[in-house]
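Chains as they are written, first to last, in the numbering used here: chain A, 154 to 168; chain B, 205 to 304.
Do not rely on the hints blindly, as some may be mistaken.
Below 20 Å or equal to it, Euclidean Cα-Cα: the simulated EDC-like pairs (lysine to aspartate or glutamate) are [to be verified]:
#: 1; chain 1: A; residue 1: K155; chain 2: B; residue 2: E298
#: 2; chain 1: B; residue 1: K236; chain 2: B; residue 2: E281
#: 3; chain 1: A; residue 1: K159; chain 2: B; residue 2: E225
#: 4; chain 1: A; residue 1: K159; chain 2: B; residue 2: E276
#: 5; chain 1: A; residue 1: K155; chain 2: B; residue 2: E275
#: 6; chain 1: B; residue 1: K282; chain 2: A; residue 2: E163
#: 7; chain 1: A; residue 1: K155; chain 2: B; residue 2: E225
#: 8; chain 1: B; residue 1: K302; chain 2: B; residue 2: D280
#: 9; chain 1: A; residue 1: K159; chain 2: B; residue 2: E275
#: 10; chain 1: B; residue 1: K297; chain 2: B; residue 2: D258
#: 11; chain 1: B; residue 1: K236; chain 2: B; residue 2: D218
#: 12; chain 1: A; residue 1: K155; chain 2: B; residue 2: D280
Because the hints were derived from the structure by calculation, they are not lab data.
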Amino acid sequence: MKIWQKPTLEVLKVH
Amino acid sequence: MKWLMAKGMVMTIDCVYSQVEGNIISDMDGEKVMFSIVNGKYYNLGEVGGAIWDLLQEPNSINGMVSQLQEEYDVDEKTCEMQVMEFIAMLHKEGLIKQN
Numbered sequence: 154m155k156i157w158q159k160p161t162l163e164v165l166k167v168h
Numbered sequence: 205m206k207w208l209m210a211k212g213m214v215m216t217i218d219c220v221y222s223q224v225e226g227n228i229i230s231d232m233d234g235e236k237v238m239f240s241i242v243n244g245k246y247y248n249l250g251e252v253g254g255a256i257w258d259l260l261q262e263p264n265s266i267n268g269m270v271s272q273l274q275e276e277y278d279v280d281e282k283t284c285e286m287q288v289m290e291f292i293a294m295l296h297k298e299g300l301i302k303q304n
């Protein structure tokens, strides 16, 4: 079984 | 469990969602990075978020996704359900998925 991590949606910084 | 979303929408475990077309996906060291050609934003979905994204290739219910994730990950049902709903709400708010 894989370790569960809370799913997150991260907006990446764009230049 | 019910989850109140933007614009007064309510999410339950029976709600069905699927990906919106127009996203470019890349796997980077097990994490999914995505570019939306619709809104021009880049996103990092992470490893678990990427797994959820894959489950949304075809219309899938919250309940269905939780069951599939529990087969792969060591997580109890309530935790999985709550965190998946929160993540789905974020995807929906960004316009990356649609409710079927």
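Open item on the list: Of all the hints numbered above, which does this structure not satisfy? Sort the numbers upward.
Closed with: 1, 2, 3, 6, 7, 8 and 11
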